[in-house]
Each structure stands twice: as structure tokens, then as C-alpha cells.
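**Q** All chains should be modelled from the sequences, with the hints used to inform the complete structure.
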Amino acid sequence: MFFEVDNLSIAFGGLQALSGISFGVNKGEVFAMIGPNGAGKTTLFNCVNGIYKPSSGSIKFKKKEIQRKKPHQIARLGIARTFQNIELFPYLNTMENIMLGRHLFMKTGLFHGGLMFGRRSFAGKEEQENRQKAEEIIKLLNLEVYRNKPVGALPYGVQKMVELGRSLALEPELLLLDEPCAGMNSEEKQDMIFWIKDIRDELGVTILLIEHDMNIVMDISDRIMAINFGKPITVGEPAEVTSHPEVLKAYLGVG
Amino acid sequence: MDMKRDYYEDIELFPGWVEKFWFFLLLVFLGAFPFISNNYLIYVANFMAINIIVALGLNILVGYTGQISLGHAGFFAIGAFATFTLMQKASFPFLLALPAAALISAIFGFLIALPALRLEGPYLAIATLGFGLTITQVIGMIDLFGGRTGLHAPELLIGPWELKTDLDLYFLLVPLTIGLIIIARNLTRTRVGRAFIAIRDAEIAAETMGVNLIFYKTLAFAISAFYTGLAGGLYAFVLRFIEPEIFGLYMSIVFLTMVVVGGLGSIFGSIAGAMLLSWLDLELRNILDIPYLGNWLKDLSREYFSITGVSNIQYIVFGGILVLIMLFEPHGIYGFWIRTKKYWKTWPF
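Residue numbers (this note's numbering), protein chains in the order written: chain A, 990 to 1244; chain B, 63 to 411.
There could be a bad hint or two in this list.
As the list claims (entries may be wrong) - Quick list of in silico lysine to any residue cross-link-like pairs, SDA-like style, CA-CA up to 20 Å: (1) A/1128 x B/179; (2) B/226 x B/244; (3) A/1122 x B/70; (4) A/1138 x B/401; (5) A/1042 x B/265; (6) A/1042 x B/180; (7) A/1096 x B/360; (8) A/1051 x A/1066; (9) A/1114 x B/68; (10) A/1058 x B/70; (11) A/1096 x A/1122; (12) A/1059 x B/274; (13) A/1138 x B/179; (14) B/82 x A/1122; (15) B/407 x A/1137; (16) A/1138 x B/82; (17) A/1058 x B/73; (18) A/1114 x B/244; (19) A/1114 x B/247; (20) A/1096 x B/277; (21) A/1138 x B/262; (22) A/1058 x B/276; (23) A/1096 x B/208; (24) B/404 x A/1082; (25) A/1059 x B/277; (26) A/1138 x B/73; (27) A/1138 x B/405; (28) A/1096 x B/275; (29) A/1058 x B/244; (30) A/1059 x B/176.
Just so you know, these hints were derived from the structure itself, not from any lab. Keep in mind it's a predicted model, so treat the numbers as computed, not measured.
**A** In C-alpha cells, the structure reads:
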């Protein structure tokens, strides 16, 4: 398995946020997680990222245990993510936000950075190379218009795209998308679906997706996992999962 | 339509000829300044230069990385006492003692950062405040640093050049300050600076993008303390005599005020804030000697505060000016500058 979560549990005080979550994701798959609010989907992402430390279980990426690693170490392995509530750097422009995704590919430190004199200096060269890469992402996501604008002032949908761009700058192998379409209008949603498919097909990135819009989930995911109250309900093909009685119960209260 | 030849133009120090020209004009002015002014103004300029260095360092920490500090007078004191002690007791040459003192200050910055990693906002403010207050007490207890009686300046030699007067110091301070401004500006525009801003604006996102939080937070403290320590070492020579009492809480607060009044997260703001506050700090000491205004203030203070008149009315005026600036321009002088620039760009529309 490319990415594997085994028997993962985490508790906050008396609240068992996740208990016994297990699933595997194949390379090149879009794997969606669905479940009502508070089911533990974002908590699971935070565990994968290393922001939370699970109380038990294991998370394996390319057969290596990543559970004890720090967030920045996990980023280095090739796992990037976007956030449910946009977590951009509002005072930086689009280019600079995406440049932060290039952080790990750059080496400029205190001395090279402070003594950046001219385009031939170490830092000057490195900045140019990486800005080139960032520009490719800006072009890919059609963000040219917003290139030099502070992202804090951009429309919500655009901010979501910038966040996607920033995570792509990390050249991830596994991309965690936490409700990428939340708060978007239908046109923006269509665009986002298009990009997600593109990212998987063209860049070969494996995607772990949290989304509430079932049309989107059905459209782009290869497999779906439904969870509720931190417990797994079922994992399988989209059609299987959506007709599963427990899933219907959790979502609609039927049965 | 932007016509860019390469991406270096995004981060260039002087994007065009206009900026190069202004910078050249500034250099000419700074070179000619001591010859067209008097001793006192040179002293003011030196004082400003030192405060600019501190404000740059403090802004890297507070404005760029979002970590507050109320203890920078402590780093300033470390720089001052370390420079003098190294030169007098270990007979270091000045050119070695100053960076060594700044490095010692940076090490203290790093040590303060370790507990500070777990603290935020007001808690961090109190922790750094504690450091600032403690360090001067500790310095005052140790005889090596002159104890309570303080230290006198040793001879200041750079190679064969002996720096005796304020004018000599001016020619040391101004180039050094310009160099430190450019370094700070470069640093904040490249990878390290972006990591700082990322930590300030969205810590968790920064982490998941690969920014090592512990490393960059401690680095911000160390850089900030380095700048401040360097300034402290230089300030000791401007004063010629140092004692622990100079580096009190008031000084830490003035440093922080420079950064806030100038503009958080802006190099220009650090410079402007430092210059304005240095000037106010020095000029307001003589406020009662100003014709008409001085007498008016004296009458005012006699009428409302005490019969003999308040001796430190300059602080009240000082505070009043600061309140007015923050009231009308919450983003500080930098905000005012941006607005003015915009206004003239679109003038007369």
C-alpha cells in the first residue's frame, strides 16, 4: 500500500475523537472521506500531518512509519495539505505564498539571504529558479491576475486556489485536501474538480479528500470511506458506500 | 502589463533608476551632513543610527515573526557590557569585541527563545520582561562588569584610526547602519524572512509546508538579539560611560514603541519609527526651554498638576504624540507612507 492507516485512535480528554480507523490508499487514487460534522475527518488529517499525536495505531507512508515525526519532517516526505478554513499568509502576495511551498527545495539561510547582492549571488539564483517554478503553478491554476496582490484581499474561491497552489509547490506525492470546495460557487466548484482530476492524472499525485458535496465526491473519488463519531462505517467504491444503510442513517437519519 | 526580464526583479533592492538615484542622493547627504551641521546634530544622528539598528532587530522578531519582546533593553545591555568587558579585561580589539558581544547577545536570545517557544502574546511579553529586568540586576551584581558603579569607555581604535569624537563615531555608525538595513531587508525578502512571516500569519500552515518552527523561532530571537547587542556595544561608546540603571524597562518600551509607531513588519517603518522616537526623546527633554510653548506648558502643569510644575512633562507630551499617531494611523508611519504614495500616484483623481 502507498499510504496506510492502521487502527488509529486519538482522544482529547474524555472525547474519543478517532477510534480504530484503518484504511489504505493506492498510488494515484482519489480517496474521499465523508461523514457528518464532528465525525473526526479533519482530526485524521491533523494526525497524518503530525499536528496531533495519535494515542495508538500507525500511519505508514510508502511503508515507513510517520506517526512520530514532526509536521515539517512529514512535509519533507512529500505530504502536502490544504485547510478547511483557509490558512494562507494574508499579507504576502500570491507569488510569495506559493514560494513558501518551495521552502524545502531551497537552501538560502541567514548568510546567503542577508548578503543577496545581485542576480548571480547564491540567494538571487535560487530565488529566480524557484520563482520560475512558482510561476508555473500560477499559470497552471490561472492565477496570473492575482500574482502580485496580497492574498488577504482576494475572493474566497481564489484564496482556496492559492492554497491549492501553495501545496502543489511542495511537489507532493500525497495531497490532503480538506474541503477544497467549501464556500465556493458552482462555477468555482467545477474548476476545482477539474484541477483535482488534473493534478491526479497529469502530476500523478495521490489525493486524500474531505468533502461534503456528494456530487463532487461521487464525481472524482475512486474509493470512499465513511466515518461517524470517530469510528469507521465502511470503505469501498462510491456506489457501495452511498447505498450502505449505516451511511444513509448517519447522513439522513433514515432507518 | 508587467514586462519582466527575470524573476530577480521581484526582489531587487533598487527596482529602477529612480530608486538608485534617491539612494545616491541620500548617501551624498549623509556624507555631507556632518560638515553642514553642528556637534549636537551629529550626536542626534548617532543616537538615531543606534536606535535604527535596534528597531530593525526588534521588528524582525515582533513585526515579522510575531513574537513580542519587552526585554530588549536586556540584550542592549549585554551588548554594551560585553563589548567594554572584552576590550578592557580580555584586551580584544574593537573590531573583534563588537561582533563577539553581539554573538553573546544572540546566544542569550537563543536561550530566551527556548522557553518562549511555548509562550504566546501577553505570556511571552511577561517572560521577556522578566528577562530584561533580571539581566541588568545580574550585571550590577558582578564586579567584572563594573558592578553598580559602571564602566568607562576604553580607547576605541579601528586599526590606526582612533575614534574620539561624535564625528568619528558618525563615520563608523552610518555605513554600518546602512549595511545592517540592507541585510535586514534582504533577509526579510528571501527564504528565512518568508518563513518568519509564515510563522506569524499561520503557524500550523507554515509547519505543514516544511518550516521548522523551533528552528525559525529561535533564529528570529537570535537575529533580533544580535542586532540589539551590536547596537548596545555601539551605544556604550556614544555614552562613554555605562551603568546597569540605564538599561531599564523604559528603554525596552521605547524600543517596542519605535517598531509599533514606525510600522510592524516593515524595514522602512523600523527606520522611520526609530528616527522619530529618537528625535522626540532628545528634543522633548528641552521642551520647557522652547519659547512660548515651554512657558505655556509650565503654566499648564502648575495649574493642573502641581504647584512647582511637573519636571517630567516631556513624557506626557511624548505619550500624547504617540497616542495621536496610533489613533490616526494604526499601521504607523509606514501606513502613512503607503497612503501618501497611493495618493500621489493617482493624483489628481
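**Q** Could you run down the list of hints and mark each one as holding or not?
**A** Results for each hint:
| no. | hint | verdict |
| --- | --- | --- |
| 1 | A/1128 x B/179 | violated, 38 Å |
| 2 | B/226 x B/244 | violated, 27 Å |
| 3 | A/1122 x B/70 | holds, 13 Å |
| 4 | A/1138 x B/401 | holds, 16 Å |
| 5 | A/1042 x B/265 | holds, 17 Å |
| 6 | A/1042 x B/180 | holds, 17 Å |
| 7 | A/1096 x B/360 | violated, 60 Å |
| 8 | A/1051 x A/1066 | holds, 9 Å |
| 9 | A/1114 x B/68 | holds, 11 Å |
| 10 | A/1058 x B/70 | violated, 35 Å |
| 11 | A/1096 x A/1122 | holds, 15 Å |
| 12 | A/1059 x B/274 | holds, 9 Å |
| 13 | A/1138 x B/179 | violated, 32 Å |
| 14 | B/82 x A/1122 | violated, 29 Å |
| 15 | B/407 x A/1137 | holds, 18 Å |
| 16 | A/1138 x B/82 | violated, 25 Å |
| 17 | A/1058 x B/73 | violated, 34 Å |
| 18 | A/1114 x B/244 | holds, 18 Å |
| 19 | A/1114 x B/247 | holds, 17 Å |
| 20 | A/1096 x B/277 | holds, 14 Å |
| 21 | A/1138 x B/262 | holds, 19 Å |
| 22 | A/1058 x B/276 | holds, 14 Å |
| 23 | A/1096 x B/208 | violated, 44 Å |
| 24 | B/404 x A/1082 | holds, 18 Å |
| 25 | A/1059 x B/277 | holds, 13 Å |
| 26 | A/1138 x B/73 | holds, 15 Å |
| 27 | A/1138 x B/405 | holds, 18 Å |
| 28 | A/1096 x B/275 | holds, 16 Å |
| 29 | A/1058 x B/244 | violated, 37 Å |
| 30 | A/1059 x B/176 | holds, 17 Å |
Hints 1, 2, 7, 10, 13, 14, 16, 17, 23 and 29, counting from the list given before, are not met by this structure.
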